[in-house]
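Peer 1: Given only the sequences and the hints, what does the whole structure look like? Please build it.
All residue numbers for the sequence shown refer to UniProt numbering, where the first residue is 1 and numbers rise by one.
Derived by calculation from the structure, the hints in this document are not laboratory data.
Don't take each hint at face value.
What the hints assert, rightly or not - Below, computed lysine to any residue pairings styled on SDA-like, alpha-carbon distance capped at 25 Å:
#1 K219 to G175
#2 K171 to R202
#3 K255 to R91
#4 K267 to E75
#5 K189 to K219
#6 K245 to L105
#7 K255 to Y282
#8 K219 to L195
#9 K44 to A232
#10 K44 to E57
#11 K245 to G143
#12 K255 to K219
#13 K48 to T83
#14 K136 to A88
#15 K133 to S186
#16 K219 to E142
#17 K48 to V78
#18 K267 to G102
#19 K48 to Y114
#20 K171 to S186
#21 K44 to R61
#22 K275 to Y114
#23 K275 to P252
#24 K256 to R70
#25 K275 to N263
#26 K48 to D264
#27 K133 to G166
#28 K132 to V190
#29 K169 to K193
#30 K256 to A88
#31 K44 to V62
#32 K48 to E106
#33 K171 to E110
#34 K48 to L207
#35 K267 to P252
#36 K132 to G143
#37 K132 to L207
#38 K219 to D205
Since the structure is predicted, the reported quantities are computational estimates derived from the model, not experimental observations.
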Amino acid sequence: MSEPKNPLSTISSAVITRRAGLSALLASVVALGFLFEPAMAQDKTSVKVGIMSGEDEDVWRVVAQEAAKRGLTVEPVVFNDYTQPNEALERGEIDANAFQHGPYLENQIEQHGYHIVVAGYTAIWPIGLYSKKHAKTAELPEGATIGVPNDPSNEGRALLLLQTEGIIKLKDGTGILATIADIEESPNKVEIKELDAGIVGRSIDDLDAAVVNTDWALKAGLTPENRIAQEAVADNPYRNFIAVKAESENEPWVKKLVESYQNDAVKAEFDRVYKGTGLSAY
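Peer 2: Okay, here's the thing in structure tokens:
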């Protein structure tokens, strides 16, 4: 007569069998994880970068060539309106942009809630006071008409330059977002005209002088010979940069993109194109 089976032994065997099956299943899942991990971690190999039309198009052609050496395809997307590159970046239509300085981005984030951060610096274009009628600021007549850009960050920048040159005096405590309402006095009673950044340089013939961003000055045919004053470069907050979405900041392609700009080949093209009106700032 056989001994009765131990029910505990039967349960233990079942548990062991189930555990073995579960271990095999987990091993399969882990194996699949290792199998698919490289594909999931794969970095971008092609990116779209928003830039402004004009001379920077030549610079970014060289950036694209440098990026190709690093296994990254860069497609510059050209814009004609300063408000568009950040809108496109926030919507995911482009992967990065390179056209703005810190005060401008801060203002845009405050207005629109963009999730955009600095990835790496590129260059600075010291804003200048240009004139075709007067050779120096001391020659500006009483009641002179001076054009300034009307967007918040660049208008403040322009007014600070005019204050540095003694043309106006701003209220105490006025910062980089100054407006004409912050002008406390003007010894020569100059008239300040607020114009679109892209128009102010082209309006130079109708003005005694105009504060113009370098890129727009070049498009308007203005040269360093027409420049009668320029802001200081040292400790300047207006360095331009490559910007990306905050969620992309630490992705490997971002580092490759920044390296593709910050090198001797791009600097040489930048210097050729801008003829000393802009300076590398990284």
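Peer 1: Decide, hint by hint, whether the structure agrees.
Peer 2: Now the hints, each set against the structure:
no.: 1; hint: K219 to G175; in the structure: violated, 29 Å
no.: 2; hint: K171 to R202; in the structure: violated, 30 Å
no.: 3; hint: K255 to R91; in the structure: holds, 22 Å
no.: 4; hint: K267 to E75; in the structure: holds, 19 Å
no.: 5; hint: K189 to K219; in the structure: violated, 30 Å
no.: 6; hint: K245 to L105; in the structure: holds, 12 Å
no.: 7; hint: K255 to Y282; in the structure: holds, 14 Å
no.: 8; hint: K219 to L195; in the structure: holds, 16 Å
no.: 9; hint: K44 to A232; in the structure: violated, 39 Å
no.: 10; hint: K44 to E57; in the structure: holds, 22 Å
no.: 11; hint: K245 to G143; in the structure: violated, 46 Å
no.: 12; hint: K255 to K219; in the structure: violated, 31 Å
no.: 13; hint: K48 to T83; in the structure: holds, 17 Å
no.: 14; hint: K136 to A88; in the structure: violated, 41 Å
no.: 15; hint: K133 to S186; in the structure: holds, 20 Å
no.: 16; hint: K219 to E142; in the structure: violated, 29 Å
no.: 17; hint: K48 to V78; in the structure: holds, 10 Å
no.: 18; hint: K267 to G102; in the structure: holds, 21 Å
no.: 19; hint: K48 to Y114; in the structure: holds, 18 Å
no.: 20; hint: K171 to S186; in the structure: holds, 11 Å
no.: 21; hint: K44 to R61; in the structure: holds, 19 Å
no.: 22; hint: K275 to Y114; in the structure: violated, 34 Å
no.: 23; hint: K275 to P252; in the structure: violated, 33 Å
no.: 24; hint: K256 to R70; in the structure: holds, 7 Å
no.: 25; hint: K275 to N263; in the structure: holds, 18 Å
no.: 26; hint: K48 to D264; in the structure: holds, 22 Å
no.: 27; hint: K133 to G166; in the structure: holds, 19 Å
no.: 28; hint: K132 to V190; in the structure: holds, 17 Å
no.: 29; hint: K169 to K193; in the structure: holds, 16 Å
no.: 30; hint: K256 to A88; in the structure: holds, 21 Å
no.: 31; hint: K44 to V62; in the structure: holds, 20 Å
no.: 32; hint: K48 to E106; in the structure: holds, 23 Å
no.: 33; hint: K171 to E110; in the structure: holds, 23 Å
no.: 34; hint: K48 to L207; in the structure: violated, 39 Å
no.: 35; hint: K267 to P252; in the structure: holds, 23 Å
no.: 36; hint: K132 to G143; in the structure: holds, 17 Å
no.: 37; hint: K132 to L207; in the structure: holds, 9 Å
no.: 38; hint: K219 to D205; in the structure: holds, 15 Å
Hints 1, 2, 5, 9, 11, 12, 14, 16, 22, 23 and 34 from the list above are not met by this structure, while the remaining hints are.
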